[in-house]
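Number of protein chains: 2
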Amino acid sequence: MGDVIGELVAGLPAGAVVTDAAVAASYAQDMAGFSAGGQPLAVVTARSTEDVQHVMRTATAHRVPVVPQGARTGLSGGANAVDGCLVLSLVKMDRILEIDPVERVAVVEPGVVNAVLSRAVGKHGLSYPPDPSSWEQCTIGGNIATGAGGLCCVKYGVTAEYVLGLDVVLADGRLLRTGRRTAKGVAGYDLTRLFVGSEGTLGVVVGAVLALRPAPPPHLVLAAEFPSAAAAGEAVCAIMAAGHVPSLLELMDGTTVRAVNAMARMGLPETTEALLLAAFDTPDPAADLAAVGALCTAAGATEVVPASDPAESELLLQARRLSLTALEKVSTAMLIDDVCVPRGRLGEMLDGVAAIAGTYGLTIGVCAHAGDGNTHPVVCFDRHDADETRRARESFDAIMALGLSLGGTITGEHGVGLLKRDWLAREAGPTGMELQRGIKAVFDPLGLLNPGKVL
Amino acid sequence: MGDVIGELVAGLPAGAVVTDAAVAASYAQDMAGFSAGGQPLAVVTARSTEDVQHVMRTATAHRVPVVPQGARTGLSGGANAVDGCLVLSLVKMDRILEIDPVERVAVVEPGVVNAVLSRAVGKHGLSYPPDPSSWEQCTIGGNIATGAGGLCCVKYGVTAEYVLGLDVVLADGRLLRTGRRTAKGVAGYDLTRLFVGSEGTLGVVVGAVLALRPAPPPHLVLAAEFPSAAAAGEAVCAIMAAGHVPSLLELMDGTTVRAVNAMARMGLPETTEALLLAAFDTPDPAADLAAVGALCTAAGATEVVPASDPAESELLLQARRLSLTALEKVSTAMLIDDVCVPRGRLGEMLDGVAAIAGTYGLTIGVCAHAGDGNTHPVVCFDRHDADETRRARESFDAIMALGLSLGGTITGEHGVGLLKRDWLAREAGPTGMELQRGIKAVFDPLGLLNPGKVL
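Protein chains in written order, with my numbering: chain A, 243 to 697; chain B, 243 to 697.
Treat the hints as calculated values from the structure; they're not laboratory data. A few of these clues could be false.
Remember, identical chains collapse to one label, so a pair may be satisfied in a single copy or spanning two.
In silico SDA-like pairs for lysine to any residue, Cα to Cα no more than 25 Å straight-line [claimed, not checked]: (1) K334 - G542; (2) K682 - P456; (3) K365 - E476; (4) K365 - G485; (5) K571 - N503.
Please read all numbers here as calculations on a predicted model, not as lab measurements.
Just chain A, with the same shape it has in the complex:
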């Protein structure tokens, strides 16, 4: 293995390769629970496409696995190291190369932080919509790898909709350019979208052409309190069936509301079993809020509070923003699930999660991108209690089984990673898995790229 390190160092700028075991160990994992990372042989920080090519050529020559990493904010273990691997960190390839308001595209390196890009394009009157909760930390490369979503997807779609073309270093070090920088294009198989969501198992993204939109007007938010998850789910269905296009439609269950109350004393009624937040960035958001408020009341909301300006809107969103922090304080650890169901099944999903919490004797709070049916049940548990830890893991699986039984998917936006590999096989079926493995073999015949993830 000494050769590998020597060859790596010889072809890279000074300081790019770190072999110190303690430092390397600090790159072992992302933010997923129940997904131990291995001990990397070295951490390589790339600063250019050529660096990445050198790493992949060397890794292929020596048959050493490579795990690409961004900010490691992922929640499925997709960026976890494996023993003896090279961690390939892309965070220093963080240049925004171009922002073009006529073409409405940005050309970026993979290490650009989502919020940095958002602010940069905002100066041109543009927006890059995908907004994962980790947007102040997560990188565009990681967003592409996982197919990340966020709060505004209900109106503006997910990362896949915004990736027009990619530069990708393949396992053997060759550089591939996919897609286009035009608004449309259908020349050949859609390799671009094959890479989106492939979690670094097919190639290393070193550049991306991203679609942008005109920045929307400021949104206005409405909060509605419901006495049951079913009633809130009914309101979501009524809002969508009526043809509304909210820019955000979020839901917190009673457990989450109480956790936020306990932490921040926000004065939310303890009797609230579901809090729905709807936002509109339309030309007349107040009119949309009034219409949606009426639908909420008809579905059984006990209180409906529309904001009258952006400042009030931000206050109403505070509860949502504090949800994870509040649930984190319930115990010593939490496990965040990511099951997406048809929005018509949201009420059943939330009631089902509450039943699972009862069965396993655990606190499970649910935040949901309700407009998309994308739920994030958060299992709170004491990591020092072996039995509770086992029950947490079992409840996590029970939640995925519930989601599939409701016609949903095991992952709406976090990806499969390590955490959900067995479940992917259940969702995709044997034929789907065989084809995916075939694709993996075409791109990475030696199995060196992020081994053990997804498939």
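Once you've looked at the hints, dock chain B against the given chain A.
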């Protein structure tokens, strides 16, 4: 080969298999020029997924190629038969199985005609945006196979954005279900989008879950006349850079305007070198038209005509709708190209096409989905004149070379088919082609599905 037909007939409803040579020959090709179709062994009309599975199992057992067909309105030869193949027609699998206003999805069979679906979802207050010009004939299966676009893509995106999940019969007859019917989902590699645009070379689509949108308000249209293509291109850039989101932004060059005038006596000024049509379906379209009209004037428009109601809007769109019919009358044949360039290069593209028309001594009119940079240069030629026919073909290639030199793609929405195979290799490069061939081999190891198309 007698066995093949006998086995096919044995497993299919009466009348599903037609071997009459003259009838079979009538299924030889789609609407592309310069792309001769072969003589099919038989035409099989499927009415169910089981029918398709039987066809593929039989074809695999006997190593007979299969060419899936929809309405054969394609413009790249992608649906053309090859000698000795089974044509597999999906037009009788034309049921709309479900329209769900809460989930905003439709579940359809592949033979549903685009306009039939559009009208059906319209009754629920919904829209299925992709609107190819052939929408009254073309099928959803064909739209998916080619990744079809249309006029409203500039605001609403192309077919790929609306396909959530697919049922696909593989080459060996196995049934694969991809994707989801939820709003979001990132479980595994994106097989759904790999099938979109694959032109029947990876599997036969037998069902699709399509995303729908709320029906937009009626649009208002503005027409603007320009003394040069460059000025019209400048107006397009100004409109997009200012953050406008037109629901349609179409351009006709002077050649097309004169052809329409000659046919329909629409009274368009003969001095018009480019006619730009912009539409808005926003809450206040008149205000948007006023703003866009001012930008057109600033860019050099000699006349700007905003419609004041939907009826006037339709009148303004007439010129665009008549374009192809008018250009068809110029000679005895036409060849429609589909080059998409960055919208900032539209003026150069149109001027370049005019220069190519001069070089080759041909009439070439250009219609363009200008907001997307997607141009359709229409090469008019006399099919009875061998030299003119040769020049037509050469000019078609020169147009693609021009498009690539401007940073564009050889096909924005029509697909590669037979017509642009050599050009795909030029656009995708050797590494991209190698990977695409690898994917093809995973899905269709015997090479039986629509052989000779795309790759």
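Hints versus structure:
Within a single copy, K334 and G542 get their C-alpha atoms no closer than 51 Å, and across copies no closer than 46 Å, so neither meets the 25 Å cut-off. In the homo-oligomer, the alpha carbons of K682 and P456 never lie at most 25 Å apart, since the shortest distance is 37 Å inside one protomer and 38 Å across protomers. Taking identical chains as interchangeable, the C-alpha atoms of K365 and E476 lie at most 25 Å apart only when they sit on different chains, with a minimum of 22 Å there against 39 Å within one chain. In this assembly of identical chains, K365 and G485 lie within 25 Å of each other by CA distance solely across copies; the values are 13 Å between and 32 Å within a copy.
Taking the closest pair of Cα atoms, K571 and N503 come within 25 Å of each other only inside a single copy of the chain (12 Å); across copies the shortest separation is 73 Å, beyond that limit.
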